[in-house]
Structures are given as C-alpha cells and as structure tokens.
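Residue strings, one per chain:
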Amino acid sequence: MVDQSQQLCTFAVENYTFGVEVHKVQEVLRFQEMTRVPLAPWVVRGLINLRGQIVTAIDLRRRLGLPDAPAGASPMSVILRTEQGAVSLLVDRIGDVREVQRELFEPPPVTLRDLARDLIRGVYKLSDKLLILLDADQAIASAVTRAKTPTSTSTRPESGAGDAKAEWKA
Amino acid sequence: MSDNEQDEIVTEFLVEAHENLDVLDRELLALEKNPHTPELLASVFRRVHTVKGACGFLGFAKMETVAHASESLLSKVREEELELTPAIITALLGVADTMRGILGGIEANGKEGDEDYSPVVESINRLQRGGDAPAAPAPPASAPVAARSAPPPAATAPVLTPPLAAPATAPAARPTAAVPAAPAKPVTTAPAPPPPAPAAAAEPAGDQRAHNVSDSYLRVDVGLLDKLMNLVGELVLARNQVLQVAPLVDDQNFSATSQRLNLITTELQSGVMKTRMQPIGNIWEKLPRVVRDLALICGKQVRVEMEGNDTELDKTIIEAIKDPLTHLVRNCVDHGIETAAERIASGKTPDGRLFLRAYHEGGQVNIEISDDGKGMDLDAIKSKALERNLITAEQAARISERDAQNLIFLPGLSTAQKVSNVSGRGVGMDVVKTNIEKIGGIVDVHSRRNFGTTFRIKIPLTLAIIPALIVTSGGDRYAVPQISLLELVRLKGSQARDRIEIIQGAPVYRLRGNLLPLVYLNRELEIQSAPRASDRGADDEVAVNIVVLQADNRRFGLVVDQVNDTEEIVVKPLGQHLKGITAFAGATIMGDGRVALILDILGIAQQASVMSQAHDRGTGQPGAAKDDKVSHRQTLLLFLTRDGRRMAIPLSIVARLEEFPRQSLERLGSNQVVQYRGRILPLIDILDLVGSGGGFGGTSDDSVSASADTIHVVVYTEGERSIGVVVGQILDIVDEAVGTLTSTHGAIAGCAVIQQKVTELVDLQALVRSGGAGLLDLYESSRGGAGAAAAAMGA
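As you go down the protein sequences, you meet chains A and B in turn.
Every position in the first sequence, counted from 1, becomes a number in our numbering once 217 is added.
Every position in the second sequence, counted from 1, becomes a number in our numbering once 114 is added.
Honestly, the hints are just simulated from the structure, not real lab data.
Subject to a maximum C-alpha distance of 20 Å in a straight line, what follows is the list of computed SDA-like cross-link-like pairs (lysine to any residue):
1. B:K693 / A:A303
2. B:K693 / A:W259
3. B:K462 / B:T568
Values in this document were obtained by computation on a predicted structure and should not be read as measured data.
Construct the entire structure; sequences and hints are all you get.
The structure is reproduced here in structure tokens:
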C-alpha cells in the first residue's frame, strides 16, 4: 500500500467506535420509520424507503451479537454501497470522517472477543480511542448466509412447501 | 386479409425498406473505400435481397425488378466475375435512390405509380454485361480504386445519366431535383473522388424523406423504456402521496392541481405502458413455421389458425411466455394431433387444426392453444404417474378427470411412447407451468378424448405496476395482488363463531356451500395481532376479515386484521437478504412513503399447505379433490347414519327408499335379508360399507337390527341386482351446488357443506362394487330362493 493513510467514516455502537472506508458509504441518514419484514433473518430490522428505492436495514448490534438498544432509541442509518445496491447499516451514533495512519493499524486484539470477530479487519490505535475497522462486505454478506439458518422460521415453510407439492401431485 | 392489416404490413415494409436503403447507402460507401471486403459485400447483397423479397411478397413488381437487377449485378461482383468499380457503386446508389422514389409513391398512393423504370434496369444490366467485355475506353484519370480495376466508367457514364434522371421525374411532386443530379455528377466528372458525391446525394435524400413514414417511427432502446417505466412508477408513488395529502390541505388551488396531476399521471402511465406493449402476434408469427417443420417430422398434417394476434402484452411478459407457448404448440402437434390416416379412420378431416386464441379479459390476457386431436389418455397418464411414483395407486383410482389431466404438469411425466427429438423426455410441461407461474400467470388444461386438448393460460398485462388490495395484519400493511383476489368476506361476532369450523384440525369457512380453507396471515408471518379496538362489535366479538384468494387453481381464505383499499402499486424487488422468503413477492412504497410488502399468494398457500392440511392431518395421505372444482348442481339424498354421521348420496343412484319393521328381518347365511317385492333383498349397514371410521364400530352381524323398531333402507339397484343399504334416518332431499372439499379416507368421496352442515359424500356405487360385491352375488344366488319363497307363500 503506497498510501499511508486512509479515510474512514466512523460510527459507534455501544462504546465501540467503528470505521468503514469512506468510499463504501453512500450517505448517512437519520433514523426513519421502517417496515418490519416477518420471517426475515434476525439481523434484518426492516425496509426503508430511500427516495423511492427500497433498502434493507441491517442492525449492526444484532449482527455483532450485542443486545438490542433500549426501547425508544433511534439508530442512525449508514447507507453502504454494495454490488447489489444500497444496504442500510443501523448504528447508535455517527462520528466524523477520520484520516488514519497505516502505522497505527493492528490486527484484531483478543480483547474484542465478545464481538463477532469475522466482521473486524483490525484496529487503529488512535490517541483518544481504538477505532475498529469494520468489514462492511462481510457484515452484509454473512447476513445473507444467515438468512437461511435462523430461528424457527425456516423449517416450517420448507415442510409446508413439501406438503403442498405432495398435495399437488394428488 | 383486411385492408387494415394490409396497410399495416405496407407501413412496416416502408419503414424497413427505408432503413435497409439507408444502411445500403452507408455500406456501399464503405465498400467503395474497401472493395475487397467480402463481409460488406455480402451484407449489401443481403439488403438488396431483403428489399426485393418484401417487394415480391407485397406485389410491388417494378421495385422488385429494379432490386432484382441490382442483385444480379451484385452477385456477379460477389462471384468475382466483375470488379467492383466506382461506377457500379454509383449505379447501385442510384438504384437506392430510385427505390426511395418508388417507396415515396407507394406511401402517397399505395401503389408504385406508372413510372417506367426499365432504363434503370437496362443500365444495370448493361453494367453487368459491360463487366464481361473488356473495358473499352481507358479509364479517365483514376481514383485509387478505379485505377486498379479496368472498368468502363466513361462508357457507362452517359448510359447512367438518363436512368438516374428518371427518378428525378418520377417523384415529380418532390421539390428536390437535386437528388438525381448529385449522384449523376461523379460519373460525368469521373475523376472527382466519388465518396463525397454520394454523401451529398444521401443528404437531400434525407430531407426528402422529412415527411416519410419512417420518420413517424423510432427505434428506441428497451433499456430507456425500462427506465421511463421506473420513473413513471416513481411518479405514481408521488401522485399517491400527493393525493393522500390533498384532502388535508384546505386550498382550492392545491386540490385542483393535485387532481390534474392525478389525471396526467394516469395518462402518462398508460402511455408509457403502451410503448412497452407488443402484439402477441410477434411471437405467434414464428409458430406456423415451428408447426410446419414439426408436422413434417411427425408425418402429420396440421393447419394453424390464429385469432387475436393484435392482443397486446408487456414486452417482458411476451419474452417470458415465448418458450412456454412454443412448447405447448409443439406438444399439441406431437401428442395431440393424429396422423392423417388415424384422423380419417376416426372420421375427422385429414389435417389437424391447431387453434391459437388470445384475448383480454378483466385486466388479464387469456391465451388458448387448442387442437382437435385425440385428447389425453387419462389412463396412460395415470399409469405413467404411478410407474414414476408420482401418485399412489389409491390416488390414481380416486383422482378426478381434471386432476388427472393436470398431472401432465408434474416433473418427469411424459406419455410419449418413445423419446424423440420432438418430445417425450418428460421435461417441459412442468417447466411451462413454472415459467408461467413465475410471471404470475396460471396454466390449465382441458381435454376430451377424441375431441382434442385445450391449454388455457392466464397472465397479467404487465408486471411493473399492478392493482393491489392493501390489508393490515399485526399493524403492518401488506399488498395482495388483485389478480389473485376473488372476493372479500367480513364476519361479525357470532357469525365468525358459528361459521368457521375446524375440520380435522384445519379451520374452514362455508362460503355459499363450499368449504374454504382458512389461512391466518398473522400465523403464517409469525406476527402478533395488534389490538383492534375498532373491530370490536357490540358483543365484544372480533370481526373476521377473509380475503378469498385463488392460487394455482385452489381457493383459500386469508384472514387478516383489516382490509383497507385497493391501490395501484409499483412492484419493487426485495434485497438479497430477503429473497429466500417465499411469502413475499416484493415490496412497494405506499402513499405515505412507507414500505409495504407484497404478498406472494402462491408462496403463502404453499407455506400454509392449504391444499393439503384439511385432510393430511387426518390420514397422512394427500387427497385428490379440489375445493373449487365440483361445483355443479346435484340432487342429493341426505341421511344420518345410526351413529349420527351426516352423509349424502346422489339421488340419481337411489332406486327407492323403504322402511321395514324390525320383525321382517330374516337371516340368510351370515347376512340379514328382507323380503321385498317378491324377492330377497340383502341388507347392509352403511357403516359397514364405509368402514366405521372411528364411529361406534358395530360391524357385528346384528348391527342392522341394533336399535330402532323400524329400519330405514336405501334401495340401490345395479342392473337386475339390488341391495338395501341401512341408514339411521333419512333427512332430506336437496338440490344444490356442492363443492367437494377433501377426501377423508377411501370410502368417502369427499365432504361438503350441505344445509350449513358438514356432510360426507358417499360414493355408494364404488362401495357396493368393491366392498359390497359379495352382497350382489348373494342376491344373484338368492334369486332362485326368492322364487322358492314366493312359491312357499303361494302355497
């Protein structure tokens, strides 16, 4: 890497500060009402209307395995650019865009073991805090793969479909 | 062919011919620069050929002659008998202009006009011959191309001029005398570099066509139309939002403006929609050819008839149904229509008729593909399905005609005797079905032995903007595509309590005598019902809203918290995270800017397994009957069994109803009999016939004589043989349309709601034939005995 510094868009969940590359962030939005999606994976909080585009909102807290925010809290929405269109990542607070130096980067420390480590690419040791570099693609991609496994929802529809098929044959 | 159609074809021809000629111009110029480009030459050849072909087809003989001459010239060039000289290029360009002139005449008068084009033809022909002869005069100072070859440009120049002048006078009405002059120039002033001149010629030609038909048509990128469609979608959403706000704003001006916005949006929407519409004829056109080739392979004679070619459909839908349609047509030819010999043997015309029909109905498009062939062999289908383990033997025996016909849509079922390259691999019909369902359509088949088969496809007009019913469940709104919607039912308080029943664990509602399986949306989506204070009636009972839906030919009722309104919605796809949820077809944005999910009715039906739950839970066997299919009126005899089950049999199969005093019962072997009209009538309890089915049992020999003093007997006669079926009590004779819902188990044909009570329908005929066959035999053997008895009585 020739470039010795990197611009990160920062945001916070609980008392962790995260950053993703600025170019991956399309925009940041205040919380807006969303439509819940029944039967959806746990990490999907709902759908929002982004100027006529329907965007899936993924709760970073849930994705990280953290408890839900207290009722009444209104998360902020970081709209990420992905190959499949925009996806919203719900976070507690939005921070500044920080320019960080390469030499301050370190792989994820073991102390972060309570977070879902597959999402964390490393940590920048800033003077005032630790800035966790979030793997945005991973956060979203794994939410997709998880869509097939979670909770009670997936088993029943499958058997239902099977029944319907059997019935149809009759 | 009607005048109208003829006009359309001519218009199309004009547009195409103009296009071809324009391209021809360009290609000729390019060819002039690089004369040794076979591909380019081939393309030029093709263009001329295409125009010629179309002229011939439409009977424009003069133009055809001109085109033909050019074609001959080009073919010589192509076969390298002639060198491609600027003179030839010039002549060909001149021909293009001549043809444009003719086209202008056709457009104005519908005819070619009386102009004599033979000089043009003659000049072309002369060029052809000129190539054979050694070039007479040396070429005047040469353009690089001309230098290499030894053409006779000087010789041709004078020849060329007059014919090229001809078109100038031909479209006399046109104020563009410059047209022919320009192409003439390079020839007369041969040394001048030719390219600019034809270019100059092309330009006025362009002007000349300012009013030509080709200018009223544009070729537009489909991507652009898609984008426009999306934008219109957005506009529709914005309009919906404005309309929602309008009543809240106390401003005359605003409400008038929003009304106007509403109108304009609607018009714009239909306009943009129209740009995407294509007549179904576009894909049908190819079918006669498919049929012809296939018929040839199969050694059959088939004539194709079409109706409703101009029925229009959205482009995306046209694309989507192309393959399924072709497949169905192939199927009709291959499986349906017989060979000429077979047809004659069965008294039909030697040539089979394949009839395609399309029409609009209720916001949908119906397409029918029918043949007058041999129809489907249900037994063959059933045995094939059995062989492939697609159904059980029991199902095969019980299956209705229509269900059996629909078996062909199962994967892996083909009744073709051998696999050909035409069909018989057993893939196809299921793909047809899937593809059609993918675009929200349904396909159905009807067949009559020896009379033919009809496939019916119903598809929506467009996919992008659809009318939908908005419902609320658990506090969220959901959109139900109108295409699946049949009706709405609202039950209040006691009605809800009384009229929703549980049959074998599944809730059903009686809708005009039909049993309608119910699906609770909240339950399917695993959401909590929101408290609905507004729905609470006086008796504190919650009203039940049932949305009656049809999916895959089956009806079910979707119970929702609240039914709102219908709205035009714009279908938007769901993100990758939610693709796996079959209950949703997409999402849309509502008037208030919030997102609402669009329900996938088929997905929900499958998830809830409405089709099977009513009986699956009881027997673990998938049943055969559909809720909506047996809806014909029937006269039924209603009775109670001795253990209180409510049953019905068609009155038509009942010979008589009798009552016998208990004392008259007698015993014959292990059976109970009664003397009846001078004969011995064997008796059997209906419960014994159907199997006790969890009733009281009571299959002992004494069962008939169990309780009451009088026994009620339904006399059933088959041929000369009769048996008496003992029932508990005769209730009524009713005449009503009965929809069979499900089959509970083998002996019961199904159940239905009769007089608002759930009633089992008994197939007495089948029962007596199978289970009761021995009894009929008994009667057979007792005939002599009866005679003896009578004799005894006489004595």
